[in-house]
Each structure stands twice: as C-alpha cells, then as structure tokens.
Amino acid sequence: MELNFKIKDKSDKSLKLREANLSTFKKKGFPNKREEDWKFTDLEKVLSENFKELHNNQLDNKKPNVQDLKFSHNSITLINGKLESFDFKSENLQYENFFKINEFNLDQHLNFANELKDNQMQNLNTALHEGGFYLNIKSDYKFKYPIVIYNYFTGVLKNKIINNSETITMSKNSDATIIEYLIDESEGNFFNNTFKYINLEENASLNYYFINKKESNNFFYEFSKVELLKNSNFKKYLFSSGMKFGKFESNIKLNGMNSCGEVYSGLFLGINNHQEIKTNIQHLKPNCQSHQDIKNVLASGSKGVFQGKVFVDSIAQKTNAYQLSKGLLLDKDSEFNTKPELEIYADDVKCSHGSTSGNIDKESLFYLKARGIKEKEAIKMIIKGFLESVLEKIKDKDITDILLNHFNKHIKYENRSN
Amino acid sequence: MSTKVIDSNKEYKYGFTTDIESFKAPKGLNEETIKFISREKKEPKWLLDWRLKAYKRLKSLKEPNWQKPKYPKIDYQDLYYYSAPKSAKEKPKSLDEVDPKLIETYKKLGIPLDEQKRLSGVAVDAVFDSVSVATTFKGELTKKGIIFCSISEAIQKHPELVRKYLGSVIPITDHYFATLNSAVFTDGSFVYIPPNVRCPMELSTYFRINASQTGQFERTLIIADKGSYVSYLEGCTAPMRDENQLHAANVELVALDDAEIKYSTVQNWYPGDEQGKGGIYNFVTKRGACKGKNSKISWTQVETGSAITWKYPSCILQGDNSVGEFYSIAITNNYQKADTGTKMIHLGKNTKSKIISKGISAGKADNTYRGLVDINRKAINSRNYTQCDSLLMGNKCGAHTVPYIKNKNSSSIIEHEATTSKINEEQLFYCNQRGLNQEEAVSLIVNGFCKEVLQQLPMEFAVEAQKLVSISLEGSVG
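Sequence lines, in order, name chains A and B. In terms of our numbering, the first sequence is numbered consecutively and its last residue is 418. In terms of our numbering, the second sequence is numbered consecutively and its last residue is 478.
In short, the hints are calculated from the structure, not lab data. Do not rely on the hints blindly, as some may be mistaken.
Stated by the list, open to error - Computed footprint of chain A on chain B, listed as stretches where at least three residues anywhere in the stretch have a Cβ under 8 angstroms from a Cβ of chain A:
#1 259-270
#2 310-318
#3 398-404
Unchecked claim - Derived SDA-like pairs (lysine to any residue); straight-line CA-CA distance at most 25 angstroms:
#4 A:K374 x B:S411
#5 A:K63 x A:H73
#6 A:K33 x B:L58
#7 A:K332 x B:I380
#8 A:K63 x A:I183
#9 A:K350 x B:E415
#10 B:K406 x A:Y322
As the list claims (entries may be wrong) - If the Cβ cut is set under 8 angstroms, some of the chain B residues that face chain A in the computed set are:
#11 L61
#12 P64
#13 N65
#14 W66
#15 N409
#16 S412
#17 E415
#18 H416
#19 T419
Glycine is no exception: its CB is placed at the ideal position from the N, C-alpha and C atoms.
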C-alpha cells in the first residue's frame with residue numbers, strides 16, 4: 001500500500017507539529033494484530049488488502065442528497081468530515097444564548113490530542129487533520145430537541161483518507177441528545193479516521209447516538225475520549241446496520257463522584273463486515289456507575305469484536321460496573337471474539353461481566369414454530385428479542401422508530417444451516 | 001536474577017549459599033552447559049540434538065513481557081543449570097536452623113514432626129524415603145504395566161515412548177521459558193498408562209520435588225493410552241527453601257482415545273516475606289493434548305505460594321467429543337503476584353470445556369485471571385462455560401480478569417461470567433454473631449467461595465488445601 005500523505009498548513013508552528021506527528025506515525029505504521037489493542041483487528045492488513053494507495057488530496061465536494069429526518073430537531077451538517085452548515089432554529093433562541101460552534105482548528109484540537117500522543121492513529125489524525133467542529137453548550141441550557149449530525153460522505157473518494165475530529169463541551173447543568181447520522185453515498189473506497197473529545201462538566205448530561213443509515217462499503221475508525229465530572233451522565237448508543245470495516249473506541253473517564261457512563265450497542269453485520277467495539281471505562285472517583293450492553297448479530301461471514309475494559313482505581317469505592325456482551329452467530333462463517341476485561345484495585349465494589357456467543361436457540365425456535373409462526377418470522381422475532389435489551393434503553397420514541405425501521409429492513413436472514 | 005533480590009534473600013539464612021561448585025555445572029547458559037547436562041545424565045544423542053536445537057531457537061527468542069506482574073531482569077548467565085543432589089553438609093543440620101515461621105506453618109498443616117524434618121530437608125534420607133514410597137507400590141504398578149519413574153530413567157529405559165511424545169504438546173518452538181526448559185531440563189517424572197488400565201492409586205510427586213531441590217527446570221510427561229485413567233498429584237505443599245529462583249517447568253499430558261487424565265496441583269512455593277522480598281518466580285508451562293476421541297483432561301490447581309505465579313495450564317481438544325476442565329484457586333497475599341488462567345483450544349467436534357477460577361487477593365497483592373477460549377471453525381457443536389470470581393480484601397490489592405473469547409462457529413456456545421466483590425458483610429456478621437472471630441469467619445467464607453474447586457481435589461489434598469487457604473490469608477484481615 002502506497003501512502004501519499006502531503007502536509008500543508010498556514011502557520012509554521014502547526015506545520016512543524018504536523019510534520020512531527022507524521023514522522024511518528026510513519027515510524028509506527030498502521031497498527032496490526034501484534035499490538036494488544038488491535039489483537040482481533042489487524043488494521044494494517046485490512047487496509048493493505050483493500051487499498052493500493054491512500055492519499056489525503058483535497059477533493060471537490062459534491063452536494064449530498066439531503067435526507068432530513070422527519071421529527072423536529074437541530075442539525076449540524078458535515079460533508080466528507082468537514083463542517084458544512086448548522087441549523088438550531090428549532091430551539092427558538094438566539095444562538096449565543098446557548099451554544100457556540102466553530103470550524104475546528106488545530107490549536108484547540110491539540111489540547112485534547114496531547115494525552116493520546118502514544119496512539120499512532122492520533123498522530124495520523126493530527127498530522128493530516130482537515131476539519132470537524134467544536135461545539136460548546138453553555139451552562140444550564142437544556143436542549144428541547146435533539147441535535148442531528150448529518151455525517152455525509154459523497155462524491156468520488158477513491159483511496160482517500162479523511163482525518164477529522166469533533167469536540168463537544170457540555171457546561172454545567174446542560175443537557176443534550178446528539179444523533180450522529182452517517183450517510184455514505186460516496187463512490188470508491190475511503191478510510192475515515194476520526195477523533196472525538198467530549199467533556200461533561202458538573203451535572204451535565206449527554207446522550208450520544210451513532211446510527212448509520214444504510215450499509216456502508218467503507219472503512220471507519222473512531223476514537224472517543226470522554227471525561228465526566230461530578231454528577232454528570234454520559235450515554236453512548238451505537239447502532240449499525242453494517243459497514244465493511246468499523247472500529248469504535250470509547251475511552252470514558254469517570255472523574256467526578258456519582259458520575260455515570262453507559263455504552264449500548266446493537267449491531268447487525270452483513271457480508272464480510274468487520275466491526276469492533278472497544279471500551280475502556282475508568283472509575284477514578286467513588287460512587288460512580290458504568291453499564292455496558294453490547295449485542296452483535298452476525299451473518300454472512302462477518303466478524304464482530306468486543307474489547308471492553310473496566311478499570312477501578314483504589315479510591316473508587318462503591319463502584320458499580322456491569323458489562324454484558326453477546327454475539328448471535330447466524331451462520332457458520334461468522335465469528336465473534338471478545339475480551340471483556342476487569343482491572344480492579346478497590347474492594348468495596350460490585351463489578352461483573354458476562355459474555356456469550358452462540359446460534360439461535362433451537363428450543364425458542366421450536367416454541368414459536370409450534371405456535372404456527374413461520375420459521376423466517378420466528379427468527380426475526382428472536383433477533384429482535386435479542387436486541388430488545390438495548391433498544392428498550394432508548395427513551396426517545398423518534399429514535400426507536402428509526403432503528404426499528406432499519407432493523408426491519410436488515411433482518412433478511414434465512415436459515416442456511418438447515 | 002538481579003543482585004538486589006539475591007542480597008535481600010541472604011537475610012533468610014537458609015544456609016544455601018555454601019560453595020558446592022563441584023556438584024554443579026558451571027554457571028551460565030551455553031552449549032557447554034547443555035552438553036554437560038546431557039553427558040551427566042548419559043543421554044542418547046537424539047536428545048542432546050533436541051536440546052541443542054531448542055537452545056538454538058532460544059537464542060532468537062525474547063522473554064515475553066505482556067504479563068501483568070513485572071519482575072527484575074533475570075540474568076540467565078548467572079544461574080546454575082545442573083546441580084546434583086546436595087550433600088547433607090549444605091542442609092540445615094537441625095530444625096533450629098529452619099525459619100521458625102516454616103515450622104509454625106507445618107504445625108498448622110498438621111504434618112508430623114518426622115515429616116517436618118523431612119520436608120525441611122534436615123533428614124538426608126528424605127530422598128530415599130520418598131523413593132521408597134514409590135517403590136512400595138512399584139510392584140503393583142508394574143503388574144498392570146504402568147510406568148512411573150523419573151524422566152531420566154524413562155529416557156534410558158523407554159526411549160521409544162519418550163522420543164515419540166516429548167515435545168509433542170510443548171514443542172521446542174514454543175515460548176521463551178518453555179524453550180529454555182527444553183534446552184536445559186534436568187529431571188521430572190514420566191508416567192505411561194497402558195491401554196484400558198485404570199491406575200489403581202493416585203500418583204504423586206509430593207516428596208520427590210521436595211527432596212531433589214534442583215528441579216528448577218523439571219519436565220513431566222504423562223501419557224494415558226487408549227481407554228486408561230490416571231490421577232496425578234503434584235504437591236509443593238512444603239515451602240521450598242530453594243534460593244530465590246526461577247522455576248520454569250514444563251508439563252506435557254497426552255490423552256489418547258477414551259483416556260482420562262486428572263492433574264492436581266497444590267502449589268505453595270516460598271512466597272517471599274511480608275515485605276515482598278524473595279520468593280519463587282513460578283513460570284511454568286503446562287499443556288495437555290486430548291489427542292483421542294472422547295478423551296478428557298482435567299486440571300485442578302491451588303496456587304497459594306510463589307512471589308510470582310505465571311502459568312496457564314491448557315487443553316488442546318483435538319479429538320472429537322473430548323473434554324477439558326480447569327479448576328483454579330489463586331490466592332495472593334502481601335506482595336505476591338499471580339497471572340494465571342487457562343487456554344481451551346477447541347479443534348474437534350462436540351468438544352466441551354469448563355473453567356472455574358477463583359481469585360483471592362489480599363494485602364498488596366495483584367491477582368490476574370487470564371484465559372483463552374478458542375473455538376475453531378471445524379469444532380462444531382462445541383461448548384464452553386467459564387466462571388471467574390474474584391474476592392478482594394482491602395483497597396491496596398488488585399483483581400483483574402482478562403479473558404479472550406473467540407467463537408468461529410455458529411453451532412457452538414460460549415458462556416462467560418465474572419464477578420469481583422469483597423467479602424459479604426452480612427455473611428461476616430452472621431458468623432461473628434455465632435461466636436466465630438473475624439479470622440475464622442473469613443476463613444470459613446473463603447473456603448465456601450472456593451468450594452467448587454476444592455471439591456475437585458482428591459481427598460487427602462483437599463484437606464490440606466483447605467488449611468492452606470486459611471493460612472495464606474492469615475494476617476490479611478482487620
């Protein structure tokens with residue numbers, strides 16, 4: 001695989017920084033399975049098998065087919081990783097009263113990126129960074145409607161690498177729901193390397209949903225770094241109806257008493273998909289809670305990976321951490337690999353994890369068939385039931401509707417093993 | 001081993017630092033040492049070549065460093081790789097010279113004074129005693145065609161068996177410590193159970209290891225031929241007073257069609273003192289291959305000793321319908337560290353495995369369960385169940401669970417669960433209320449916590465193991 005990475009920048013300072021990061025990246029290269037964090041996902045191999053070349057040339061953006069969601073919402077539109085426009089009219093308030101949004105700049109990015117400088121994907125992101133946004137939600141503001149991030153990929157993106165990032169700061173007592181809606185209508189293979197930095201101040205609350213509209217044939221790596229202060233609350237929901245390659249890392253630091261971090265995921269993987277969810281939840285203060293529930297439905301030779309870690313510091317007494325990962329393997333070519341990890345240094349804690357994988361339970365299937373339900377329908381019901389525990393966590397009916405709609409489209413499974 | 005550790009260990013006054021050069025191969029790891037070992041043991045040429053091949057490979061290997069417990073760099077050139085049984089001179093002359101804490105432990109274990117002497121190496125004839133233990137039954141074993149002897153003896157008397165199976169489960173191309181063992185192993189035991197024979201008694205290495213004192217690199221090979229059964233015990237119940245040292249043994253098990261091997265270990269090597277000085281680095285490779293159909297290998301371990309325990313007794317389930325089991329208790333106190341678990345590799349159809357692991361961490365110790373369950377594409381209808389529970393006592397210790405779970409086939413089912421918690425206060429209160437003091441109550445609850453594993457041990461062992469569990473945690477409460 002040929003790497004054609006060119007660096008340009010307006011200021012000397014940031015140019016130097018980019019160069020330094022690029023040379024670090026070049027030394028390390030793309031991560032491969034010899035690295036513990038990439039044990040089940042050999043990115044180097046995946047990329048070299050699918051790309052003859054990777055470049056970061058600027059391409060002309062093609063206007064996307066606008067795909068508005070039907071319910072009332074605010075919106076931020078990204079095209080090929082760059083901030084295109086935003087619209088917060090639904091809130092019916094002067095913008096400056098409740099939020100600030102900027103095109104991303106490298107200086108702001110650096111404040112956050114510094115901590116992750118050992119991650120070569122971060123090095124690459126800093127070196128080739130080309131856009132994104134910075135969103136600051138002001139104190140005490142509670143959003144009436146969700147914010148939808150329309151994340152479009154359009155035009156010919158052959159062999160393109162897109163490095164972008166987003167930063168979201170939730171000030172004290174603020175509350176928001178963000179839905180990242182990925183719409184990939186591009187032509188040609190691309191690789192998106194994106195970093196997200198999310199900060200929640202005291203009593204803030206954020207629900208972050210990731211939904212991809214339709215199956216994508218492209219390659220995505222996302223790293224989210226989330227830090228929570230006292231009494232704050234962060235929930236992340238990952239729903240995907242399949243992508244060729246995806247790795248979603250969430251690094252959640254519970255750095256204030258009574259803070260709570262949750263990760264839920266329902267993935268439906270199709271032909272030769274490879275998707276990984278990796279979490280690292282760090283309990284650094286007492287009385288914090290974390291909850292993870294990961295459900296993967298795997299079909300047609302797809303590969304699902306879950307690496308989840310719960311770390312409990314010695315001062316983080318009264319921690320309550322739970323983690324569940326389940327894989328439903330629908331045919332014999334699919335694969336589910338997990339590494340649920342606990343690292344615990346405090347004794348007055350309740351930490352547990354569970355992990356299962358297997359096919360559709362034959363007895364459940366028999367039960368339904370005995371009641372006159374056709375096999376296809378019965379399987380659909382079981383798959384829905386499997387994802388239920390994750391779906392029921394969603395309080396917002398509009399979002400549940402989108403998801404159910406997606407799943408109905410995607411559950412086309414025919415029992416091939418019989 | 002770093003000089004720091006050696007220096008600090010001198011404080012133990014075990015009397016082991018005496019000059020006994022004449023009984024040892026010269027220090028250092030090189031071809032000469034390996035040839036020396038081979039010559040001393042009058043080994044055939046194929047074995048020497050095998051060792052040298054392993055050594056050649058070793059030179060290109062690096063020590064693994066992914067484990068949780070880190071240790072000071074080991075100077076492999078500063079170790080002795082061969083030492084013949086030491087003469088009485090180097091041993092403590094009377095019980096008075098033995099650390100009183102050891103004696104106390106023996107008393108608590110209920111080992112009679114005679115045995116105490118033997119275990120502390122005071123009586124020279126301990127060696128002979130233990131040999132006679134084996135020979136007492138030798139007649140009975142031979143009648144059934146069972147071979148139970150040291151591996152050196154087996155190399156002389158049964159070379160065809162050794163040659164066929166040695167390295168068949170742990171090849172010389174394995175990881176660093178296993179390969180090191182292949183190059184320099186000195187002794188160990190060998191068991192062969194002929195077809196359709198059920199070994200009438202439990203075979204044990206309890207005394208032999210204690211007596212030999214040189215077994216830093218033992219090699220054990222157990223072969224259960226078609227339809228046979230054997231239960232093998234490995235006891236290191238007496239704290240070894242060996243120098244602060246590397247213990248890198250290899251244990252290979254081979255189970256052919258319908259055979260069953262049950263391997264139980266109670267490991268209580270010297271764990272170092274309360275300050276974490278000294279102790280054994282127990283870096284052992286144990287692996288069993290269920291080569292035949294319907295075969296079964298079951299590992300049970302109670303790990304209470306060693307400064308660092310780093311081992312993963314594993315099962316390769318090659319034969320269809322084969323079964324692998326792993327039951328483990330790992331207790332760490334003071335500055336002890338353990339990184340242990342198992343690997344269950346499912347290759348055959350309808351293979352089953354079960355893992356029950358109980359980790360208890362107290363003081364400033366670190367306890368890690370690390371395990372792999374790998375169900376291959378062809379291992380259809382396979383099944384695994386894993387349960388890992390950890391108990392923490394105090395907030396200066398750590399408990400970690402790192403399972404790797406791979407399922408490559410939809411007809412197989414894997415279940416894994418793990419919990420971490422402290423001792424339930426209500427249970428403690430209940431016991432206290434009924435007149436048990438804190439320590440007794442904790443010991444009772446911990447024994448209950450470990451029950452599923454203790455039940456797997458043969459009776460004599462189970463009693464000892466229970467006591468050991470209580471002793472290991474002494475002083476960690478309140």
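These are the hints, each one checked on the structure:
no., hint, in the structure
1, 259-270, "violated (count 0)"
2, 310-318, "violated (count 0)"
3, 398-404, "holds (count 7)"
4, A:K374 x B:S411, "holds (22 angstroms)"
5, A:K63 x A:H73, "holds (21 angstroms)"
6, A:K33 x B:L58, "holds (23 angstroms)"
7, A:K332 x B:I380, "holds (9 angstroms)"
8, A:K63 x A:I183, "holds (13 angstroms)"
9, A:K350 x B:E415, "holds (20 angstroms)"
10, B:K406 x A:Y322, "holds (21 angstroms)"
11, L61, "violated (15 angstroms)"
12, P64, "violated (12 angstroms)"
13, N65, "violated (11 angstroms)"
14, W66, "holds (7 angstroms)"
15, N409, "holds (6 angstroms)"
16, S412, "holds (7 angstroms)"
17, E415, "holds (5 angstroms)"
18, H416, "holds (4 angstroms)"
19, T419, "holds (4 angstroms)"
Consistency note: the structure conflicts with the earlier hints numbered 1, 2, 11, 12, 13.
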